[in-house]
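According to my numbering, the sequence shown is numbered sequentially starting from 200.
Derived by calculation from the structure, the hints in this document are not laboratory data.
Be aware that a few hints might be false.
[What the hints assert, rightly or not] Cut-off 27 Å, straight-line C-alpha distance, at most; resulting in silico cross-link-like pairs (DSS-like, lysine-lysine): (1) 412 <-> 443; (2) 588 <-> 443; (3) 437 <-> 641; (4) 295 <-> 280; (5) 437 <-> 588; (6) 439 <-> 588; (7) 292 <-> 280; (8) 388 <-> 412; (9) 409 <-> 388; (10) 388 <-> 374; (11) 292 <-> 374.
Just so it is clear, the structure is predicted and the values come from calculations on it, not from any experiment.
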Amino acid sequence: MFLSVFDMFKVGIGPSSSHTMGPMVAASRFLNMMRASPFEFHGLRASLHGSLAFTGVGHATDRATILGLAGFTPDTYDAEKAEVALNDIRNSKTIKPADLPPMHFDPGTDLLFDYDTPLPGHANGMKLLATDAQGDVILSEVFYSIGGGFVMTEAELAAGKDTEEEGAPIPFPFKSAAQMLEMAAQSGKSIAEMKRANEAARCGIENLTKGTKRLWQVMNDCIDRGLSTEGELPGGLKVKRRAKAIHDALMAERGMNLNAPHTINDWISVYAMAVNEENAAGGQVVTAPTNGAAGVLPATLRYYLDHVPGASETHIEDFLLTAAAIGGLVKFNASISGAEAGCQAEVGSAAAMAAAGLCAVMGGTAEQVENAAEIALEHHLGMTCDPVKGLVQVPCIERNGLGAIKAVSAASLSLRGDGTHLVPLDACIETMRQTGLDMSEKYKETSLGGLAVNIPNC
Numbered sequence: 200m201f202l203s204v205f206d207m208f209k210v211g212i213g214p215s216s217s218h219t220m221g222p223m224v225a226a227s228r229f230l231n232m233m234r235a236s237p238f239e240f241h242g243l244r245a246s247l248h249g250s251l252a253f254t255g256v257g258h259a260t261d262r263a264t265i266l267g268l269a270g271f272t273p274d275t276y277d278a279e280k281a282e283v284a285l286n287d288i289r290n291s292k293t294i295k296p297a298d299l300p301p302m303h304f305d306p307g308t309d310l311l312f313d314y315d316t317p318l319p320g321h322a323n324g325m326k327l328l329a330t331d332a333q334g335d336v337i338l339s340e341v342f343y344s345i346g347g348g349f350v351m352t353e354a355e356l357a358a359g360k361d362t363e364e365e366g367a368p369i370p371f372p373f374k375s376a377a378q379m380l381e382m383a384a385q386s387g388k389s390i391a392e393m394k395r396a397n398e399a400a401r402c403g404i405e406n407l408t409k410g411t412k413r414l415w416q417v418m419n420d421c422i423d424r425g426l427s428t429e430g431e432l433p434g435g436l437k438v439k440r441r442a443k444a445i446h447d448a449l450m451a452e453r454g455m456n457l458n459a460p461h462t463i464n465d466w467i468s469v470y471a472m473a474v475n476e477e478n479a480a481g482g483q484v485v486t487a488p489t490n491g492a493a494g495v496l497p498a499t500l501r502y503y504l505d506h507v508p509g510a511s512e513t514h515i516e517d518f519l520l521t522a523a524a525i526g527g528l529v530k531f532n533a534s535i536s537g538a539e540a541g542c543q544a545e546v547g548s549a550a551a552m553a554a555a556g557l558c559a560v561m562g563g564t565a566e567q568v569e570n571a572a573e574i575a576l577e578h579h580l581g582m583t584c585d586p587v588k589g590l591v592q593v594p595c596i597e598r599n600g601l602g603a604i605k606a607v608s609a610a611s612l613s614l615r616g617d618g619t620h621l622v623p624l625d626a627c628i629e630t631m632r633q634t635g636l637d638m639s640e641k642y643k644e645t646s647l648g649g650l651a652v653n654i655p656n657c
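Taking the hints into account, I'd like the entire structure generated from these sequences.
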């Protein structure tokens with residue numbers, strides 16, 4: 200099993216990897232299908248199903264779908280150009296993707312939120328259709344946004360598409376934590392070293408080094424933007440950004456002997472909140488492993504770099520590689536999608552990844568790293584996804600802060616032991632999968648239960 204660090208961590212836009220990035224990627228793929236087709240197209244239509252319908256407006260799914268059909272992609276997204284394109288499409292009711300003829304598309308009638316017809320493959324389903332001059336459908340595809348910006352067609356999902364078969368052989372093809380630990384013991388390599396060897400087999404060391412540097416740069420820039428920006432988040436909840444004020448207060452307290460030991464939790468939280476406020480505002484973030492959980496891992500890494508004695512930037516790549524290895528196991532054996540398994544699959548997975556990364560760069564053995572990931576994930580089991588008004592704001596922003604605190608605590612606890620523990624990470628991941636299957640749909644990113652229905656005037 201191989202899932203690249205650049206699959207787990209993707210540069211994109213907020214507020215949601217599954218509800219914003221995924222639909223945009225799906226629309227881009229559909230355009231490529233149209234470009235390869237012999238048909239002459241005159242119009243486009245789209246329908247959103249399941250969670251994409253229920254929380255699509257709050258997650259900007261409609262906007263992302265339209266922009267994707269216009270040729271925009273998450274990794275090269277330009278906000279100013281996007282606004283111009285959206286206004287033009289609304290006014291002209293015409294969409295003009297590159298290398299295709301102008302086509303009729305009225306956002307008011309050709310983009311349908313279908314609340315009554317969930318698609319069978321996944322909670323995040325969408326249909327894209329292209330029509331001829333008479334309005335008859337001549338090309339169509341069903342896409343599923345399966346979390347973290349990953350997108351599969353109906354056929355790919357049914358076939359269980361495996362990225363392991365799509366490149367050169369890898370030296371350490373572990374599909375479980377047990378296999379990972381066995382390979383580490385046999386090879387004498389750390390989890391990061393095995394993951395680095397796998398990545399090198401597919402993309403080369405130079406590309407890996409360049410790519411991981413960019414990932415951290417985007418993550419860190421996102422933190423800094425969040426720490427320096429004030430105002431109100433969009434969407435109607437009137438949630439005020441808090442990261443800057445908290446950060447300013449923390450900076451003012453430095454050197455004044457006012458800091459209680461637990462103040463470090465505020466530092467960890469504010470880094471995460473900064474990222475998720477940026478995400479809620481539609482800014483540039485890195486999926487880690489999703490947008491809704493994008494603050495946990497950068498906050499943990501920033502905590503390490505800024506607050507841990509002896510920390511070194513030379514360890515950033517090891518942190519990201521270790522985290523990606525754990526994230527790959529969770530995705531392969533369970534889910535990283537809130538719409539599929541609740542927030543345990545998003546913030547829980549992110550905390551497990553961050554705990555593993557921190558444990559690794561602080562000298563943990565492979566067994567301690569696995570233990571750190573298990574502790575963090577175990578104590579998110581059962582966590583629901585109930586975003587108020589369908590927005591990635593409440594409880595998501597604070598939840599990332601608490602997820603980062605749990606990640607740091609899990610890494611610290613594991614380093615106090617020798618790596619032996621009762622619950623294997625594999626068992627915890629399987630428990631998360633089963634819990635997700637048992638969880639009521641109203642607690643899986645539909646905003647039909649939990650906080651989403653118990654907050655007045657929302």
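Quick rundown of the hints versus the structure:
1. 412 <-> 443: 25 Å, holds
2. 588 <-> 443: Given that 27 Å is the threshold and the Cα spacing comes to 24 Å, the pair holds.
3. 437 <-> 641: Given pair residue 437, residue 641 holds - Cα atoms ~24 Å apart, limit 27 Å.
4. 295 <-> 280: 13 Å, holds
5. 437 <-> 588: 12 Å, holds
6. 439 <-> 588: 16 Å, holds
7. 292 <-> 280: 17 Å, holds
8. 388 <-> 412: Given pair residue 388, residue 412 holds - Cα atoms ~22 Å apart, limit 27 Å.
9. 409 <-> 388: 22 Å, holds
10. 388 <-> 374: Holds, at about 17 Å.
11. 292 <-> 374: 48 Å, violated
Hint compliance for this structure: hint 11 is the single one not met.
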